[in-house]
Amino acid sequence: MYIIIIGGGKVGYYLAKALLDEGHEILVVEKDPDRTEFICGELGSVCVRGDGCEVATLTEVGTGRADMFIAVTGDDEDNLVACQVAKHKFNVPRTIARISNPKNETIFKTLGIDVTVSSTNIILEHIEEEVPTHPITHLLDIKDKGLEIVEVKIPPHSTTIGKAVKGLKLPKGSVLALIIRSQKKPIVPTASTVLQAEDQIIAVTTPESEEALRTALRGS
Amino acid sequence: MKVVIMGCGRVGSRLAGLLDIEGHDVTILDTDAYSFRRLPPDFGGTALVGNGTDEESLKKAGIEEADAFVALTQGDNRNVMASQIAKHIFNVSKVLCRTYDPLRRELYNTLGIETFSPTTIFAQMLKEKLEAEE
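Those protein sequence lines, which keep their order, are chains S and Z. Its first residue numbered 2, the first sequence is counted upward by one per residue in our numbering. Its first residue numbered 34, the second sequence is counted upward by one per residue in our numbering.
Read the hints as simulated data drawn from the structure, not as lab findings. Check before you lean on any hint, since a few could be wrong.
[Claimed, not checked] Derived lysine-lysine pairs resembling BS3-like cross-links, with alpha carbons at most 30 Å apart:
1. S/144 to Z/160
2. S/146 to Z/120
3. S/164 to S/185
4. S/90 to S/18
5. Z/160 to S/104
6. Z/127 to S/90
7. Z/35 to S/104
8. Z/93 to S/104
9. S/146 to Z/92
For reference, chain S alone in the conformation it holds in the complex (with noise of 0.2 Å):
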């Protein structure tokens, strides 16, 4: 595959050799001329100076024939513009923009652009993930169905503990999928499955009723 990279910074220079290595050609674009020599140096003639939202830049690079484009640098607008240029006037068939204020999410999915990663949103999960009394984990989004899966983990007080699932209120379009408990098989819950303290419960729900998701299994 021929893939374009936009913005040679840690995140763009790293995901180069990484595509690199996996055998794809690689064509990275940096406006600083020391980062480009750098990454020449680094990697071999892979980096090219230039602006990545130029339609002009992109030609030369021979933006009409990539299979994907990936704009990596550290402004959401231009990632926004380079990833637009490239889909509308090369018709390149995947853009992938970093963003990094998370709530230009919505946004870049109204303005057309095909997947977006959010670098603030991934360090705050996995950071979310290591505090141990964090009520909710993320564990995954299901984007286009506005879908989410989380992990919640009933702590040892809970009001709760001795409840059956039918028991519970449950909001709506929330469904428990699986209890994880300590040293044993998981094991799919049903109505009269009864919660036990320490059980870790992954459920599929929605970002609006995540909160009274949490109130139904922990209890307030």
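With chain S's structure known, arrange chain Z on it following the hints.
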């Protein structure tokens, strides 16, 4: 007419002043409060510190009730991003955008954003001026 202008540079501040005199309801956004010194002393509109590519700032500026949005910062990409937010997220009926890069102007015009490039306009004007004086 309620107009939100993003970028209080020479053009933005002047446009804000002109519209204000004619009785329009003008809100001008800039990330730097120091830029508001360019507004005329009797400016009757609202000057707001904020980033036009941020939905919250745009809401504070009243974008939801605005009839028009004009993007006039120094950054082409910032301008087209803010213009697209105004048009596609907030459904503002008239959106005008400045990009210095003529090729980007062409692209965003085809994507439905009314974009102007001072580069093209000014170069054309100078050419005509030179030819007229020959």
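(request) Provide an ascending list of the numbers of those earlier hints which the structure does not satisfy. (result) Going through the list in order, the structure violates hints 1, 5 and respects the others.
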